[in-house]
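K.L.:
So you can see what is in the structure, the chains are spelled out below.
Number of protein chains: 4
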Amino acid sequence: MGYAVSGLATSTGKAEESIMSLISVEEFERLGREKVYVVAQFGFKAEYIEHGRAKMRAPFRQEFLRPGGTVSGPVLMSLADYAMYAAVLSMIGPVEMAVTINLNINFLKRPAPKDVIADARIIKLGKRLAVGEVSLFSEGEEDPIAHVTSTYSIPPDHVQVE
Amino acid sequence: MGYAVSGLATSTGKAEESIMSLISVEEFERLGREKVYVVAQFGFKAEYIEHGRAKMRAPFRQEFLRPGGTVSGPVLMSLADYAMYAAVLSMIGPVEMAVTINLNINFLKRPAPKDVIADARIIKLGKRLAVGEVSLFSEGEEDPIAHVTSTYSIPPDHVQVE
Amino acid sequence: MGYAVSGLATSTGKAEESIMSLISVEEFERLGREKVYVVAQFGFKAEYIEHGRAKMRAPFRQEFLRPGGTVSGPVLMSLADYAMYAAVLSMIGPVEMAVTINLNINFLKRPAPKDVIADARIIKLGKRLAVGEVSLFSEGEEDPIAHVTSTYSIPPDHVQVE
Amino acid sequence: MGYAVSGLATSTGKAEESIMSLISVEEFERLGREKVYVVAQFGFKAEYIEHGRAKMRAPFRQEFLRPGGTVSGPVLMSLADYAMYAAVLSMIGPVEMAVTINLNINFLKRPAPKDVIADARIIKLGKRLAVGEVSLFSEGEEDPIAHVTSTYSIPPDHVQVE
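Chains as they are written, first to last, in this note's numbering: chain A, 1 to 162; chain B, 1 to 162; chain C, 1 to 162; chain D, 1 to 162.
Excised from the complex, chain A in its bound form (with noise of 0.2 Å):
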């Protein structure tokens, strides 16, 4: 029903356990649709989601470009803020309220006129905050044109949509 059940590499190189992803790429893209704005604009779509692990894509847009041919920073940016958000939903289940508190960027390579996938990761889920990484990439191409780290602010108490 949605939910990725594969491992996690973690950056030890481990495979963790499987455990279940807490929001299905179904429920995440009806959140996004429906109370992200960014999500509506840009046209994102969810490839999956697991347990600490999220893939989003930016369908090619010739709005996207900036001068030069190449896809703006900021549909980077809003891709990978969207891929993070995944990420941590995935863990902590559907909490609207789990908001950004830093985001970094490099910007790698001029972004071909392509799809844009970011993989989201977790690297450290806490109690008030998650650290996590998102590799950006054209599609079909191996060298990432982008990589981010960003720390999101998980409310104390989970209150969970609906």
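Calculated directly from the structure, the hints in this document are not laboratory data.
The beta carbon of each residue, even a glycine, is placed where N, CA and C say it ideally should be.
Mixed in with the good hints there might be a few duds.
What the hints assert, rightly or not - The calculated lysine to aspartate or glutamate pairs, modelled on DMTMM-like cross-linking and capped at a C-alpha distance of 25 Å, are:
(1) A/K35 - B/D115
(2) D/K45 - C/E63
(3) D/K114 - D/E29
Claimed, not checked - Sample of chain D residues lacking proximity to chain C, with all beta carbon distances greater than 10 Å (derived):
(4) V25
(5) R33
(6) F60
(7) R66
(8) P74
(9) M77
(10) G93
(11) E96
(12) L103
(13) D115
(14) R121
(15) K124
(16) K127
(17) E142
(18) P156
Following the hints, position chains B, C and D against chain A.
P.N.:
This is chains B, C and D only, laid out in the frame that chain A set:
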């Protein structure tokens, strides 16, 4: 005709001599509208551009809101990046190919459903890199809602637009 | 007795009313010397501490130099972190367990073989987090050599030292 | 002769062909001891250096501790910077003048009073800039204690040491 010439307070608190911006508000707005997608999409406005400094505004839209009734992070990041772009161009002229290589944002408080103003300032302009900071405010409020530092890469040969 | 009470210029350019620092230069120096290794190791000095602001100095040592004859990055990062610590304690008192959760540094120019001065300012003090920025200068120079933003975590119960 | 030649896992999960490091552990340790103050001061050791990857160790010292009995932030930042330096030199050779231009660190958990290990990996090597990430661990533990991303500036003409 739109070039601001007033002094720029540097981090050491001294006023620099007045130097004209190398791009006018009108030129920058035209560049933005025609070439930068998020500007057209999000409706950002240039308020003023001085040498090494730029103020941009995101007039409030209902669609900017995220769960909790606050302006979403991507709107803030996009506006900050746009303000940095203007501040960089104010010092090097309308060089389209200046690109962000790093952006680090700290979100400080939940932004009220109001206009957002970004105030960007170049801290250091080198031959290859420019570093600046951007403070973001909700209209009419004193405490910043977010703080950004960002690095731009400046092309070796400043091929100017037109 | 060592408490600075002068005004603090905020990012909006207005002077806040004078509020006393909750830790004196003398108290902070004692805490530093006794408890923080790098202080003893690197010989950092507290110059002044106001409410929300602190200035620290790294008196020059030959051993600070890295290849090229410039002061090494770790000295700058350590001094910036120490200045942030002082600025945070100026607002919450001598709470030992306040810890850095994020530090982002941009190196702006090669630091001359001189004293380094770090000027830290709290941008936002929340209940759980404090965000500030630090400008670093070579003694007697105007242009900053590095710029830091940093986030501190404040323990829920401010158990004060002694 | 100390050159590691094993494969490097990239962010896309594929193993790159084995390419020799352009600096050996022995060469790097000599450069560190002779030229980089913190190495002598803090006693850092190079564990291994591959093409695009480096592992450094800070053997535990009582003086590393800060209030709370944890290893202090500056030790972690210095070790991470040193590991990045090694990872950069592994790809460009012993170029002394490669310098850090940005370092962003997220502290993830309080480091136990143990050796610290930093594992650095180059994400992108360009003509002028190298971007990498560093995961820091306490000896024998699986969860990282800190995560760093960093950008190095590479001098236009790689004048190599001797």
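K.L.:
Decide, hint by hint, whether the structure agrees.
P.N.:
Hints, one by one, checked against the model:
1. A/K35 - B/D115: 19 Å, holds
2. D/K45 - C/E63: Since the Cα atoms of D/K45 and C/E63 sit roughly 18 Å apart, the hinted pair holds (cutoff 25 Å).
3. D/K114 - D/E29: 22 Å, holds
4. V25: The claim holds: D/V25 sits with its nearest Cβ about 18 Å from chain C, beyond 10 Å.
5. R33: The assertion about D/R33 holds, with a minimum of 12 Å to chain C.
6. F60: 12 Å, holds
7. R66: Incorrect as stated: the minimum Cβ-Cβ distance to chain C is 6 Å, not above 10 Å.
8. P74: Non-interface label on D/P74 violated, nearest chain C Cβ at 4 Å vs cutoff 10 Å.
9. M77: 5 Å, violated
10. G93: The claim stands: D/G93 keeps its Cβ more than 10 Å from every Cβ of chain C (closest is about 14 Å).
11. E96: 4 Å, violated
12. L103: Given that some Cβ of chain C is not farther than 10 Å from that of D/L103, nearest at about 5 Å, it is violated.
13. D115: Given that every Cβ of chain C is farther than 10 Å from that of D/D115, nearest at about 16 Å, it holds.
14. R121: 19 Å, holds
15. K124: 18 Å, holds
16. K127: Label holds. Min Cβ-Cβ 19 Å, cutoff 10 Å.
17. E142: 20 Å, holds
18. P156: 15 Å, holds
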